[in-house]
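J.: In numbering that gives the first Met the number 0, the protein residues as written are 0 to 951.
Hints in this document: simulated from the structure, not taken from any laboratory.
Some hints could be false.
[Claimed, not checked] Capping the alpha-carbon separation at 16 Å, the derived lysine to aspartate or glutamate pairs in EDC-like fashion look like this: (1) Lys53 / Glu152; (2) Lys172 / Glu187; (3) Lys53 / Asp36; (4) Lys738 / Asp707; (5) Lys172 / Glu113; (6) Lys738 / Asp705; (7) Lys686 / Glu533.
[Claimed, not checked] Now the in silico label distances, taken between C-beta atoms and shown as ranges: (8) Glu176 / Thr243: 32 to 42 Å; (9) Pro110 / Ala323: 35 to 45 Å; (10) Thr165 / Leu851: 52 to 62 Å; (11) Pro315 / Met105: 49 to 59 Å; (12) Asp122 / Thr189: 29 to 39 Å; (13) Pro748 / Ala695: 50 to 60 Å; (14) Ala323 / Ala475: 30 to 40 Å; (15) Ala156 / Ala712: 35 to 45 Å.
Beta carbons are placed, not taken as given, at the ideal position from N, Cα and C, and that holds for glycine.
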Amino acid sequence: MQTPADRQDRHEYPAHWEADVVLRDGGTARVRPITVDDADRLVSFYEQVSDESKYYRFFAPYPRLSAKDVHRFTHHDFVDRVGLAATIGGEFIATVRYDRIGPDGMPASAPADEAEVAFLVQDAHQGRGVASALLEHIAAVARERGIRRFAAEVLPANTKMIKVFTDAGYTQKRSFEDGVVRLEFDLEPTDRSVAVQRAREQRAEARSVRRLLAPGSVAVVGVGRAPGGVGRGVLGNIRDAGYTGPLHAVNKAFPDHLKEVDGVPAYRSVRDIEGPVDLAVVAVPAEHVPAVVAECGEHGVQGLVVLSAGYAESGPEGRERQRALVQLARAYGMRIIGPNAFGVINTAPDVRLNASLAPEMPRPGRIGLFAQSGAIGIALLSRLHRRGGGVTGVTGVSTFVSSGNRADVSGNDVIQYWYDDPETDVVLMYLESLGNPRKFTRLARRTAAAKPLVVVQGAGSAPQGHAVRATRLPHATVSALLRQAGVIRVDTITELVDAGLLLARQPLPAGPRVAILGNSESLGVLTYDRCLAEGLRPAPPVDLTTGATAEDFHRALSRALADETCDAVVVTAIPAIGEGSPGDAELAEALSSAAALVPGKPVLVVHVELGGLAEALSAATSTAPQAAAKAHGAEGGAHLPPLEEPRSPAERPPTAETAAPEGAEPRLIPAYPAAERAVRALAEAVKYAQWRREAADPGKVPEYEDIDEKGAAELIEGLLQRGEGLTIGEAETCELLGKYGIRVRRALPALTPDAAVEAARTLGYPVALKATAPHLRHRADLGGVRLDLADEEQLRRSYAELTGLFGEPEGLRPVVQGMAPRGVDTVVRAVIDPAAGAVLSFGLAGAASQLLGDMAHRLVPVTDREATSLVRSIRTAPLLFGWRGSTPVDTPALEELLLRVSRLVDDHPEVVAVTLEPVVVAQHGVSVLGATVRLAPPPARDDLGPRTLPAY
0 MQTPADRQDR HEYPAHWEAD VVLRDGGTAR VRPITVDDAD RLVSFYEQVS DESKYYRFFA
60 PYPRLSAKDV HRFTHHDFVD RVGLAATIGG EFIATVRYDR IGPDGMPASA PADEAEVAFL
120 VQDAHQGRGV ASALLEHIAA VARERGIRRF AAEVLPANTK MIKVFTDAGY TQKRSFEDGV
180 VRLEFDLEPT DRSVAVQRAR EQRAEARSVR RLLAPGSVAV VGVGRAPGGV GRGVLGNIRD
240 AGYTGPLHAV NKAFPDHLKE VDGVPAYRSV RDIEGPVDLA VVAVPAEHVP AVVAECGEHG
300 VQGLVVLSAG YAESGPEGRE RQRALVQLAR AYGMRIIGPN AFGVINTAPD VRLNASLAPE
360 MPRPGRIGLF AQSGAIGIAL LSRLHRRGGG VTGVTGVSTF VSSGNRADVS GNDVIQYWYD
420 DPETDVVLMY LESLGNPRKF TRLARRTAAA KPLVVVQGAG SAPQGHAVRA TRLPHATVSA
480 LLRQAGVIRV DTITELVDAG LLLARQPLPA GPRVAILGNS ESLGVLTYDR CLAEGLRPAP
540 PVDLTTGATA EDFHRALSRA LADETCDAVV VTAIPAIGEG SPGDAELAEA LSSAAALVPG
600 KPVLVVHVEL GGLAEALSAA TSTAPQAAAK AHGAEGGAHL PPLEEPRSPA ERPPTAETAA
660 PEGAEPRLIP AYPAAERAVR ALAEAVKYAQ WRREAADPGK VPEYEDIDEK GAAELIEGLL
720 QRGEGLTIGE AETCELLGKY GIRVRRALPA LTPDAAVEAA RTLGYPVALK ATAPHLRHRA
780 DLGGVRLDLA DEEQLRRSYA ELTGLFGEPE GLRPVVQGMA PRGVDTVVRA VIDPAAGAVL
840 SFGLAGAASQ LLGDMAHRLV PVTDREATSL VRSIRTAPLL FGWRGSTPVD TPALEELLLR
900 VSRLVDDHPE VVAVTLEPVV VAQHGVSVLG ATVRLAPPPA RDDLGPRTLP AY
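Could you put together the complete structure from these sequences and hints?
T.: Here is the structure:
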């Protein structure tokens, strides 16, 4: 008789359990199921585990695994017995397994929902967060297989493993018996477990990027023997930037006698380099890259910047080459920027790395810059670097990443790094596409709460080669969701730089009230008009006349900043000719000294053909750029602090809410060559500041006592047994929505005039007669709806008109519905997008939403504050609030309906689409007149699942 452990596999190999993960120190490992082919790997792994770790695992000396042990630990049915391994270079570094047990603690099968779990981590890899990552993955596997609870027995001395369990954030129970600690914990994600998981994700991904941007040593592979070429050029850029660590030149074609290239030690192979290499910059033809990657992996290189082209951008063959590149690099625990990358830059004085194709190191500054495109990266660096021909100044770059094909490291990873990077105050990103909008939105919301995040978003598709779900949401909807997450969305590179320089140099405005002053009446009026167009509240411009002196500007700016009704000041300046006219340096000094007296309010300058003023503002003595450089570590070789817990808001750069302390460095005044550019940047800053204030109190997801979550789950389970995905019938729709307190006004079919009359008698007059055929549904403008039918005569006459106009009842599908109170017709939708997640949408029914696209969107779950803002954020919202003397409608009832729909799709991921149309919002209450619901099996993994890198 076979025992459960002797049975052959009952399920096929679950390939979707395979994943690459980032560990605590920034390295990577691959997690995969253990199979019968892993016997030798398991034995080798066990031999490298210390006797102490073996004792902790088996509670007794256990020097080697028996043949029976090896068979047991490699034969799994992937349901009741599952084993996962973490691997690097194809070899095991840790294992975890669960065995399903019954109430008596003996092996069992479903429906038993408890399992024993046990870990073993190689001593050399302990402390890297391997066990924590494996726990996330084995818990997700267990939930997928119907297991709801884990039990683990641990020796009291095994404090590391006890900490793995207790720190995970699950609801748990702890007991002590017979010298063993027994831990039991539910596997349902909790707020704390999700928070722990995401904090670990942030720290790990930030460290993985830090290893690429602040390496202790660098090797450039592919350095040409003669001047010229990409490799030789990058080597020169690193050397000329003053990189502070060891630098090596590598080319397998170097002659044996060659010891140096351009003063840099030369080697034929990375293997020949004595000492560690943290970063390898790869500039060899694509066909030679795999050999280079293998060399780097064997030497212990931590990360790669691959400049080589010929990958996914070149077609199907290149996509396969790119997949193989990522798989090989991850097998060795390395992360990749690229391929087809422009490179990376770090201006920190203790790093000074220019591992890019940019011939000049940009000025040090507080702006983090990310661009997928190399061409766009060049344009952004040039725009920030130069002093003339646009927005000028010395605001510079902290770090720069141009990711090319972003096969591995993406904008999400770099945001994780910048979130708590003390050298970066503002993040500017050019994104051709969003590979994972759900994660990007989550990270952006957290980052934007700490520092501005400005994005130009292209309309491109997902990166070539990525196995990510494509979003089905329109580009405009994704943009709206980004704004909801606090992202400052701009349309052009010029606007990106304009907004970035303002946010890097000036505090956030406390409101939209703007003072305008200058020596040109016409330029002041133009600025005033642009402020109105951007939704700001400008005061009438103060004209200082063309004869204004520097002292006049100083006094006027001081008065404006001292005015409590002013939140920001725009200074306009044109060239003046005359004996008393101020020079550029004099005017810059006057403005800077006045602004320094009130550091909590932003000041902008609009200059017309006055390049000297822009440069003078950047170099004004009161801004003390030399002191700034010293403060930022130009002297003394200051080191970046370790990436631990993010800084608190109190440690963030000063804003309007937290003015610069006494003696702090005054902020530089940004200068713009056109009023519309300055005002647009200011308007974005105002909206962002408002979002920051609102984000401090995001509201809550309310609880409703009448919601029957369990009953809804049982109903959904029964309905899904009919098929994989279906639009459920009207009766089931009403029943399901009813369990969440959403009442749909009853509609009865009327395929004959007599049936219509009988339906009206059942519902009570007055009634509405509607055609529900797809081409007429919700189209009152086509005549498919008859309202306020007060009696049988009107109903029969309307029925005859309807069938005479549109044809036989079988094609019209007429229904009779009781009249709802008069109000405003709206539409409420919720959809589960495969990439962005659950999205709740709202708008007015009819042309406003269908023709003009006037819909507002929020990510689910929606809080009470978000529901309130959702109703008010559409352009036609005034119709709900008494526009032109109409009666205001019951928006609180509408907001409650939105919150209930949000709860439904959040509680039940099987509900993939909900449409309520029309929803009539009356003076008192709302009436849902039509509803459709679509169900589908939930995905195996969601955003609450374990940490993973994008799959290939």
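J.: So, for every hint listed, does it hold in this structure?
T.: Hint-by-hint comparison with the structure:
1. Lys53 / Glu152: holds, 14 Å
2. Lys172 / Glu187: Since the Cα atoms of Lys172 and Glu187 sit roughly 14 Å apart, the hinted pair holds (cutoff 16 Å).
3. Lys53 / Asp36: Cα-Cα ~23 Å, so violated.
4. Lys738 / Asp707: holds, 5 Å
5. Lys172 / Glu113: holds, 14 Å
6. Lys738 / Asp705: Since the Cα atoms of Lys738 and Asp705 sit roughly 8 Å apart, the hinted pair holds (cutoff 16 Å).
7. Lys686 / Glu533: This hinted pair holds, its Cα atoms lying about 10 Å apart.
8. Glu176 / Thr243: 32 to 42 Å: Distance hint for Glu176, Thr243 is violated at roughly 56 Å.
9. Pro110 / Ala323: 35 to 45 Å: holds, 43 Å
10. Thr165 / Leu851: 52 to 62 Å: holds, 54 Å
11. Pro315 / Met105: 49 to 59 Å: Roughly 52 Å apart at Cβ, these two residues keep to the hinted range, so it holds.
12. Asp122 / Thr189: 29 to 39 Å: holds, 31 Å
13. Pro748 / Ala695: 50 to 60 Å: holds, 52 Å
14. Ala323 / Ala475: 30 to 40 Å: Since the Cβ atoms of Ala323 and Ala475 sit about 37 Å apart, the hinted range of 30 to 40 Å holds.
15. Ala156 / Ala712: 35 to 45 Å: holds, 43 Å
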